[in-house]
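Trainee: If you want the building blocks of each chain, they are given just below.
There are 2 protein chains.
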Amino acid sequence: MSLSSPHPANVDSAASEQALLERRARLLGPTYRAFYRSPIHLVRGSGVWLYDAQGRKYLDAYNNVASVGHCHPRVVEALSGQAATLNTHTRYLSEIILDYAERLLGTLPPRLGHAMFTCTGSEANDLAIRIAQHSTGNTGVIITDFAYHGATIATAQLSPAAVGAAGVPARHRAVAAPDTFRDGGRAAHDFARNVAAAIEDMRAQNIRPAALLLDSAFSSDGIFFPDASVMRDAADHVRKAGGIVIADEVQSGFGRLGQGMWGFANYGLAPDIVTMGKPIGDGHPMGAVIVRPQLVSSFGSNTGYFNTFGGNPVAAAVGIAVLDVIEGEGLIENARTVGAYTGELLAALQSRHGMVADVRHNGLYFGVELMAEDEATAAAKTSSVVEAMREDGVLISSCGPRGNVLKIRPPLPFARDNAEQLAEALDRALSNW
Amino acid sequence: MSLSSPHPANVDSAASEQALLERRARLLGPTYRAFYRSPIHLVRGSGVWLYDAQGRKYLDAYNNVASVGHCHPRVVEALSGQAATLNTHTRYLSEIILDYAERLLGTLPPRLGHAMFTCTGSEANDLAIRIAQHSTGNTGVIITDFAYHGATIATAQLSPAAVGAAGVPARHRAVAAPDTFRDGGRAAHDFARNVAAAIEDMRAQNIRPAALLLDSAFSSDGIFFPDASVMRDAADHVRKAGGIVIADEVQSGFGRLGQGMWGFANYGLAPDIVTMGKPIGDGHPMGAVIVRPQLVSSFGSNTGYFNTFGGNPVAAAVGIAVLDVIEGEGLIENARTVGAYTGELLAALQSRHGMVADVRHNGLYFGVELMAEDEATAAAKTSSVVEAMREDGVLISSCGPRGNVLKIRPPLPFARDNAEQLAEALDRALSNW
Chain A
67 MSLSSPHPAN VDSAASEQAL LERRARLLGP TYRAFYRSPI HLVRGSGVWL YDAQGRKYLD
127 AYNNVASVGH CHPRVVEALS GQAATLNTHT RYLSEIILDY AERLLGTLPP RLGHAMFTCT
187 GSEANDLAIR IAQHSTGNTG VIITDFAYHG ATIATAQLSP AAVGAAGVPA RHRAVAAPDT
247 FRDGGRAAHD FARNVAAAIE DMRAQNIRPA ALLLDSAFSS DGIFFPDASV MRDAADHVRK
307 AGGIVIADEV QSGFGRLGQG MWGFANYGLA PDIVTMGKPI GDGHPMGAVI VRPQLVSSFG
367 SNTGYFNTFG GNPVAAAVGI AVLDVIEGEG LIENARTVGA YTGELLAALQ SRHGMVADVR
427 HNGLYFGVEL MAEDEATAAA KTSSVVEAMR EDGVLISSCG PRGNVLKIRP PLPFARDNAE
487 QLAEALDRAL SNW
Chain B
67 MSLSSPHPAN VDSAASEQAL LERRARLLGP TYRAFYRSPI HLVRGSGVWL YDAQGRKYLD
127 AYNNVASVGH CHPRVVEALS GQAATLNTHT RYLSEIILDY AERLLGTLPP RLGHAMFTCT
187 GSEANDLAIR IAQHSTGNTG VIITDFAYHG ATIATAQLSP AAVGAAGVPA RHRAVAAPDT
247 FRDGGRAAHD FARNVAAAIE DMRAQNIRPA ALLLDSAFSS DGIFFPDASV MRDAADHVRK
307 AGGIVIADEV QSGFGRLGQG MWGFANYGLA PDIVTMGKPI GDGHPMGAVI VRPQLVSSFG
367 SNTGYFNTFG GNPVAAAVGI AVLDVIEGEG LIENARTVGA YTGELLAALQ SRHGMVADVR
427 HNGLYFGVEL MAEDEATAAA KTSSVVEAMR EDGVLISSCG PRGNVLKIRP PLPFARDNAE
487 QLAEALDRAL SNW
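First to last, the sequence lines map onto chains A and B.
To convert, note that position 147 of the first sequence is 213 in this note's numbering; the numbers rise steadily by one, no gaps.
To convert, note that position 183 of the second sequence is 249 in this note's numbering; the numbers rise steadily by one, no gaps.
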């Protein structure tokens, strides 16, 4: 599991990985980039563990999609059973989608009365924006300046992390993310004011905001958990200007932050729409848009909206199973307690390694910001730490506009000994500098 | 199975369906509309059959998603097996996605060299448009005037069937669909000329076409199979103006048309991009974009495109299973022969029922156009025929800008006796006028 014990099949494995990479480039093309200098050929997953073709075991401290654990038997059973029974669309009646909607809505504030189902988080954010524009009659959307909200044309235009600032159309506004660390947390302190200024700037160009769209953990921006009051003030500004508030819980939702099911609740926010994706089906392609009924009273009749696969009985069965597991295995409690313990271990590293400038977290979602003599060096070192961890058998990644924040986001059944393995590996990786 | 033998549980079932509808309206909201005056509460599917909560059996002559048959055991086995083993994203290497890409690309012209995977047909068309705009530098898209291409913001703007003509932005152009029936097939005859005129009209407003986007069966427009030459000429016009050709095979692909796997091949068309959805995974949420490599050489590096669930090992296993079944069970041959037989039975109805104005088909995809004294009456009668068929245990639907075309599109294992049941039920429904 460590650099000092190379696997005997390493030479063969390098050759076969090279062949796989070439075949991949030929068939899938250059859009398909792999993680790591030496990409991993995975063949099996179970709980917090992933296994490669040579039988090497990796502690997964990154993949939020398999959120209740890779290949959870309860989820697989629900998937298999329903797929063998009925899998059709929502133009016919089905009880299981209603059972699922009821369960999901039960985890949310009562004013969010309707559940709509998509197949991805991108589709969920795309639909949320569409509903926001349709219901407000406005067009502009306010996001943070290194946000990621999806891969459809409309959501990519709201994802400067992917398309760059120049890829955001003029009708939208990207405000500084509420960075709680740099400049003494000035951007976090000024966040609501910056949103107000963006609205003013829009107004000067005769644009009105349809929505404020925020990832509750500011995942791509670098992982931040600003004060509740600035978040609520920002929401107030947008509402006063005629817009609505969309909480993007695609990354932060389903118990990850350890205080409850949803990240926005930590701010005392009352969003008008909540979007969900990644962890919702433990890997099954699902997304959801939870919405105040008033916003969609005429949406369907004016747009003919329909999603062929969204909310089919198989997705509903999987969704229920995921909720069952979160509840039955106490995963929110686990995210809180093991998250706190992991946070302590990471904070201890900060005292031992000068390059660790900030450790921030909520539940099992961690941002570890690394600093060096200049930004380019910090980014290169961050990347090297991620690579060294992979060689050491622990999977993490990085994020943020400067690429200098370690992104740690393990499946929720992460245990105390998993946390120790993570911290020890990170200690070794940081010690190499 | 017929109106003359009402199910004994009908009264109870009506009450329970009413309760289900009320619960549905409360939880999912008004966007979720159900088929039929008395919506069907489905609980099981197998092959070409669907079963409701009262045990009533329906012949499915409409659902193209469960294209190799509802709950096909080979597909369910592949799904269950892979979901229990590994389900993660494409940033890691995996062989099964390459095996699937190779199989899928093997069914297509060699110049279409790369496969990219999404989770829905909407996402596939959205990505295709994004690639077209990115690679050509142009913005306009040409579609038909009652097309449907998806539910994302960008694809809905190219779906006048859902959003109306007013919902199509000014940079795009909707041309008359190549209707092979009305006015002696004039719109079909003039199709290429109409595309050329749209390009001229764009040019006058300084817009250049990024793509011609066509459903190979013109599904929403009323189901047409125009002459190959006009389709090729239309494609030539767009290419000369700097645009590319996208074949939308979300409805027509995977053997339905009985001549091969893809509808565009019937026209001798050489598309630059082919999009896939609905039948690709027999109900599993999948989509694909097959593209000429030149078009995506810089797409990924400029856009950071990534799809979290798209092309995961579970989707690949399901996709391979679907191709295995199409091949192993001779479903393309079945679509051709049973399609021809069904076509004969429907044509015989035309000679007996004056309101049947046109029967058109290719393989197992049928449009039956009904006429009456005026358009409103024809639409109402078409709707009544669909309802009567449902009461008689056969599921079909309708399409077209006037709502007067019966849309018949059964799963591919449709057998000769299924065709006879369909034709007999349609005969009864038409006899009531």
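Treat each hint with caution, since some may be false.
Unchecked claim - Think about it this way: if two alpha-carbon atoms lie no more than 20 Å apart in a straight line, the pair counts; the simulated EDC-like pairs of lysine to aspartate or glutamate are:
| no. | chain 1 | residue 1 | chain 2 | residue 2 |
| --- | --- | --- | --- | --- |
| 1 | A | K123 | A | E486 |
| 2 | B | K123 | A | D299 |
| 3 | A | K123 | B | E88 |
What the hints assert, rightly or not - Pair by pair, the computed Cβ-Cβ distance ranges are:
| no. | chain 1 | residue 1 | chain 2 | residue 2 | range |
| --- | --- | --- | --- | --- | --- |
| 4 | B | D299 | A | R248 | 57 to 63 Å |
| 5 | B | P176 | A | A232 | 34 to 40 Å |
| 6 | B | S367 | A | A294 | 27 to 33 Å |
| 7 | A | S82 | B | G233 | 47 to 53 Å |
| 8 | B | Q120 | A | A294 | 47 to 53 Å |
Bear in mind the hints are in silico, worked out from the structure with no lab data behind them.
We treat Cβ as the ideally placed atom computed from N, Cα and C, and that holds for glycine.
Trainee: With reference to the structure, classify each hint as holding or not holding.
Mentor: A quick look at each hint next to the structure:
Of the supplied pair hints, the one linking A:K123 and A:E486 holds, its CA atoms being roughly 16 Å apart against a limit of 20 Å. As the CA atoms of B:K123 and A:D299 are separated by approximately 56 Å, the hinted pair breaks the 20 Å bound. A distance of roughly 50 Å separates the Cα atoms of A:K123 and B:E88; the hinted pair therefore is violated under the 20 Å criterion. Here the CB-CB span from B:D299 to A:R248 is close to 59 Å, well matched to the stated 57 to 63 Å.
Checking the proposed 34 to 40 Å range against B:P176 and A:A232 shows it holds: the Cβ atoms sit about 36 Å from each other. Restraint check, B:S367 to A:A294: a C-beta distance of roughly 39 Å breaks the suggested window 27 to 33 Å. Checked against the given bound of 47 to 53 Å, the beta carbons of A:S82 and B:G233, roughly 51 Å apart, stay inside it. Restraint check, B:Q120 to A:A294: a C-beta distance of roughly 52 Å satisfies the suggested window 47 to 53 Å.
Hints 2, 3 and 6 from the list above are not met by this structure, while the remaining hints are.
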